[in-house]
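**Q** We have chain A; now place chains B, C and D onto it with these hints.
Chain by chain, the residues run as shown.
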Amino acid sequence: MFLYEYEGKFLFQRLGIPTPPGKVANNLEEAVKIADEIGYPVVLKPQIIGGRRGRAGAIRFAENQQELRTNFEELSNLIIHGKKVEKILIEKKINIKHEYYVSFLLDFSHAKPVLIFSSEGGIEIEEIAAKYPQKLVTLYLNPEGDLQPYTIYSSLNRVGIFGDNAKKFIPIIMKLWELFSEYELILAEINPLAETPEGELVALDARIIADDNAEFRQSYIKEFKASRGGLESVEYKAKEKGLSFVVIDEEGDIGIIGNGAGLTLATVDIVRLLGGKPANFLDVGGGASAERIRNAVQTLLLMKNLKKIFVNIFGGITRCDEVAKGLVRALEELNLKVPMIVRLTGTLEDEGRRILREVGIEAYNQMLEAARKVVMG
Amino acid sequence: MFLYEYEGKFLFQRLGIPTPPGKVANNLEEAVKIADEIGYPVVLKPQIIGGRRGRAGAIRFAENQQELRTNFEELSNLIIHGKKVEKILIEKKINIKHEYYVSFLLDFSHAKPVLIFSSEGGIEIEEIAAKYPQKLVTLYLNPEGDLQPYTIYSSLNRVGIFGDNAKKFIPIIMKLWELFSEYELILAEINPLAETPEGELVALDARIIADDNAEFRQSYIKEFKASRGGLESVEYKAKEKGLSFVVIDEEGDIGIIGNGAGLTLATVDIVRLLGGKPANFLDVGGGASAERIRNAVQTLLLMKNLKKIFVNIFGGITRCDEVAKGLVRALEELNLKVPMIVRLTGTLEDEGRRILREVGIEAYNQMLEAARKVVMG
Amino acid sequence: MAILVNKDSKVVVQGITGREGSFHTKLMIEYGTKIVAGVTPGKGGSEVHGIPVYDSIESAMKEHEIDASIIFVPANFALSAVYEAIDAGLSPIVVITEGIPVWDTMKFVNKAKSKGLCIIGPNCPGIIVPEETKIGIMPGHVFTKGDVAIISRSGTLTYEVAQICSLNGLGQSVVIGLGGDPIRGLTIPEALKMLESDPETKKIVIIGEIGGTEEEEAAELIKKGEITKPTVAYIAGATIKRTGVSFGHAGAIILGEKGKPETKIKAFQEAGVPVVRFPHEIPDALKEL
Amino acid sequence: MAILVNKDSKVVVQGITGREGSFHTKLMIEYGTKIVAGVTPGKGGSEVHGIPVYDSIESAMKEHEIDASIIFVPANFALSAVYEAIDAGLSPIVVITEGIPVWDTMKFVNKAKSKGLCIIGPNCPGIIVPEETKIGIMPGHVFTKGDVAIISRSGTLTYEVAQICSLNGLGQSVVIGLGGDPIRGLTIPEALKMLESDPETKKIVIIGEIGGTEEEEAAELIKKGEITKPTVAYIAGATIKRTGVSFGHAGAIILGEKGKPETKIKAFQEAGVPVVRFPHEIPDALKEL
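Protein chains in written order, with this note's numbering: chain A, 1 to 377; chain B, 378 to 754; chain C, 755 to 1043; chain D, 1044 to 1332.
Chain A with its partners taken away, still in its complex shape (with noise of 0.2 angstroms):
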């Protein structure tokens, strides 16, 4: 899961790493208030998920009240990577001497977390890697161990960060690394951290990845999660029920279901190479029960333009009688006004196509068929 900067930035402060004061606002009142309180000049930060604001526009200044109302009007209505900014967060504007990059991330392929800091940074760490490879230090750490402080002296030192200068980091790096550790993070990046011309640092972004599958044990991200609003809040729903369920295209028309994240993502692509529009990914699991499945009909039922539903199930810890009982249930209890598609071979398929032929669907045994028929009609 991926946090809204405001969400990173709380935990900063719960881990006692600097951010600049501020709050996040859902309207303008909220954000005149909190401008007000913290004093100008403010910044306005929309609160989007996946960066880059910057460059598209999105981030703006205010010297005073009637800078905050203009601005927030117009970043209120912008739509940033096809969504809809609804909530900005309002910070005392920082004054910046120097940018520096920091973040901790897992590195999937080595299995081991890795620390890069680079003595440049505000931009994209992509950037700063093609433009200032010298200034740039990664190094791979114990999945077991502890970091040291050493380490992270050694690393600076190795871009040219020495003494005093080195000295200042080892607080807020060795906060980053246990924020990243022990609440098992994926990516835990400061960027930039600025340094202020009184030589403080300050935390001026936050982007955390979070892992969704430590929620059993790692409060914070139920909590997160159950405060989001829209249709963030409908996908978190679906997990909840042991569904995965992403928004594709809120304009698509044909609902998708599948069993396992890559027979999904594969139904999702042959739908859309012979012309269709899928609305949405949502894979049911291994060994989804007739309650789950009914469920994740209901689920698609949010996406406004529903014309098709295409079930795809392929079983294997899937039964194939659970998920024709479920798309019974479906059909019984939802009142569905759209057509559904299935297909489903595997284990125990022959009960499970008896079961379908009961309610008048003939389930295709080849997902190609299937498609066809989605598609084309």
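Since the hints were derived computationally from the structure, they do not count as laboratory data.
Please note that the accuracy of each hint is not assured.
Listed below are several chain A residues computed to face chain C (Cβ distance under 7 angstroms; list not exhaustive) [unchecked claim]:
no. : residue
1   : Phe-108
2   : Ser-109
3   : Ala-111
4   : Asn-213
5   : Phe-216
6   : Gly-260
7   : Ala-261
8   : Leu-263
9   : Leu-265
10  : Asp-269
11  : Ile-270
12  : Arg-272
13  : Phe-314
14  : Gly-346
15  : Thr-347
Derived lysine-lysine pairs resembling BS3-like cross-links, with alpha carbons at most 30 angstroms apart [to be verified]:
no. : chain 1 : residue 1 : chain 2 : residue 2
16  : D       : Lys-1053  : D       : Lys-1158
17  : B       : Lys-489   : D       : Lys-1266
18  : D       : Lys-1077  : D       : Lys-1105
19  : B       : Lys-545   : C       : Lys-861
20  : C       : Lys-1041  : C       : Lys-1020
21  : B       : Lys-474   : B       : Lys-464
22  : C       : Lys-816   : B       : Lys-489
23  : A       : Lys-167   : D       : Lys-1154
24  : B       : Lys-616   : B       : Lys-489
25  : C       : Lys-861   : D       : Lys-1154
What you are looking at is a predicted structure, and each value in this text was computed from that prediction instead of being measured.
Where a beta carbon is used, it is the ideal one built from N, C-alpha and C, also for glycine.
**A** Using the frame of chain A, we list chains B, C and D on its own:
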């Protein structure tokens, strides 16, 4: 630092390890109130560090208030291991079907944590090892790694505990490990771990040794020390001033100050072997300042029979000039009524001797010579 | 035999008494897999489909010779179960469990690597050598014996591809579902190297997914000539543009430019590996090689 | 040379800018020790008694050849400093710092052992080869060159014994203060084995303390004939009866019957090692061997 049973059980409760309902009483009135709250029958357990109270007949039971009063009075007058009983833990009496033993400890020789479990408990571990070696399992653990439940299962299986019987031990042992590793303990022992006729497991005793050196990051150590009274409180206050102070004999008349644990121990030995009665062990540590030396002398004044003070310093990291300055300050500020015999050699000894000579003390060069003067006059 | 396992591999099922563990133990036995013991802490002494259950692998190994493990225990106990299998020196260790926290997976993957043991998964369907053994949860009937190896980051999509191959007369030497989590034991490049020296395997199908960089690394191996066997690739999710979200446990977290389907497809094409758009195009592509 | 170090050993001082680090750097240089660099994170670029200071050992090793380290950093940063020295492959690593949490010591002692490096300490006076090198904080003038090795769990008591030996014409081949903490790097038995094969050492003095079981293990080695050089032992705290308390950082936590002075004395006596009651009896005991 050895924790009292009631302190250990406080930590058990914090981690969720089941203990009998109960509280510690400082006087009879409190004891009656606690017993009324938890209900009779109760057990009275004098809070003394050192174990083996059962053998000393110091654990009593009470079926009603009358028995509670009688037993409380008797226990309050006991001297156990040379110490007066000051606090008595009043606990609900638990019915016992069987007693187990479980502990984690740091094995100093192997520099590793070790899990010890026995299907027979309630007696000292040395006795268990002697009587029931086949019912005892010892398992070395990795200091960096996690303890995993399967490790505990394997250990239980080895002493003949299987299936559901084994299963119920897991949560308690995992929590004990959490306590042991997160609180950086040297020993965390539950003996007996009692099984009730209903099949529930309850920690009837708690024997815990904490690491004083971890005090700077383990706040419970400071809290427990601060809440203790009596001589222990003096030892603790001395420690806060950088002094290792241990009362060896409350009746002793020779106060001992040395630098370095070994030298101070040897000083205690030599005084006793020459026929003197050393009262204490007081190590001023390495690199002691004049201030610390002065405080050391002041600490000795708490010993009620004090007749002489023997200061034995071999300067290494400790500087003899600082020691001399501290002794002079003690003489000037503390209105000392007992003579001070000083042995001073090592780093900057000439300067130290010169300073002492100005206040009329001629420091000895050799330890034996000085000790003879102390004991024989 | 193919790689990693064969008909004589003796297998322990960890989490045998659970719903999935018990169900698939039955199917594996029916397929011919030599399941010799089960382990469920707390259930030692019972039996599942005639297989004796133990509290621990240590207890099981006192009674049985065991080579490999398949793990069905819930995610919150998976780390313990995998460590147990590692400490017992079993290989491969097939981790079916999904939803394991990635920090746990990182720990056990490193531990297994340091001991030279092979982990398949987690969140995977397992490994099958058709007509010999199945240490996994795949529906056995779609696989047929032959000389095409399939390695895949997907689960059900693997069955799909195997079925299409089988229907088109292309039997399999071995099929490995490597699992959909971002950190896994056996990777595509590692599996490729094993297959390169496997006499039973003549051709290879790689089923990739968006996210991660293994497909790029695999393409690099082929480009450098370390893998010479004819290979076909398919990338699931190639039409998906939305970034910044994770598609299920697909490991499909796209960070920056890395892991995008275009990059993967391009890497394979530059290595001379045909990349098909639909699973059902795989048989023709294989036949043309 | 004796064991572990000699006059050519090149030493880095970790924590060189602190009060103790700076003071003892001066004394070590005066004694003849080859101090080549100092490290204090945050103080890189400065100098202490003419020795260049670096932020990290890595930086220091770019400019200097370094064999060994002596550590003066405060207890709460000691783990980091020792790990740094271990990762740099230095040996011995002499840890002067006192008050290190025992869990930290456990970690670095295990780590050093797994890499085959020698740690002396923590909470120790260090090692001295009289008239060659001193990597420690002992007052150099009480040591004289000779063929008696002294190994000790104590600090100042070691100086006491060395002085008594020197005054009685018994010079030292090497003197090692192993440190007073319960978990330590170099132990009495390990040091004994090194001394057994050291041609410079003819006789050995062991200074033990109450608590721990190393003295018993040392006696066992002697009894088994693995150590053949004439040895004298002294146990500090032999008259102390109060149990259940820790005497300073003396490692003198007495658990049950183990670690009691009687046990230690008995073990040595059974191994044929004379145990003296007073430090000043050591010279005579040595001469009688």
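**Q** Does each hint fit the structure? Answer for all of them.
**A** Verification of the supplied hints:
{"no.": "1", "hint": "Phe-108", "in the structure": "holds, 4 angstroms"}
{"no.": "2", "hint": "Ser-109", "in the structure": "holds, 6 angstroms"}
{"no.": "3", "hint": "Ala-111", "in the structure": "holds, 5 angstroms"}
{"no.": "4", "hint": "Asn-213", "in the structure": "holds, 5 angstroms"}
{"no.": "5", "hint": "Phe-216", "in the structure": "holds, 6 angstroms"}
{"no.": "6", "hint": "Gly-260", "in the structure": "holds, 3 angstroms"}
{"no.": "7", "hint": "Ala-261", "in the structure": "holds, 3 angstroms"}
{"no.": "8", "hint": "Leu-263", "in the structure": "holds, 4 angstroms"}
{"no.": "9", "hint": "Leu-265", "in the structure": "holds, 4 angstroms"}
{"no.": "10", "hint": "Asp-269", "in the structure": "holds, 5 angstroms"}
{"no.": "11", "hint": "Ile-270", "in the structure": "holds, 6 angstroms"}
{"no.": "12", "hint": "Arg-272", "in the structure": "holds, 4 angstroms"}
{"no.": "13", "hint": "Phe-314", "in the structure": "holds, 4 angstroms"}
{"no.": "14", "hint": "Gly-346", "in the structure": "holds, 5 angstroms"}
{"no.": "15", "hint": "Thr-347", "in the structure": "holds, 5 angstroms"}
{"no.": "16", "hint": "Lys-1053(D) / Lys-1158(D)", "in the structure": "holds, 20 angstroms"}
{"no.": "17", "hint": "Lys-489(B) / Lys-1266(D)", "in the structure": "holds, 27 angstroms"}
{"no.": "18", "hint": "Lys-1077(D) / Lys-1105(D)", "in the structure": "holds, 17 angstroms"}
{"no.": "19", "hint": "Lys-545(B) / Lys-861(C)", "in the structure": "holds, 27 angstroms"}
{"no.": "20", "hint": "Lys-1041(C) / Lys-1020(C)", "in the structure": "holds, 22 angstroms"}
{"no.": "21", "hint": "Lys-474(B) / Lys-464(B)", "in the structure": "holds, 28 angstroms"}
{"no.": "22", "hint": "Lys-816(C) / Lys-489(B)", "in the structure": "holds, 27 angstroms"}
{"no.": "23", "hint": "Lys-167(A) / Lys-1154(D)", "in the structure": "holds, 26 angstroms"}
{"no.": "24", "hint": "Lys-616(B) / Lys-489(B)", "in the structure": "holds, 27 angstroms"}
{"no.": "25", "hint": "Lys-861(C) / Lys-1154(D)", "in the structure": "holds, 18 angstroms"}
Hint compliance for this structure: no hint is broken.
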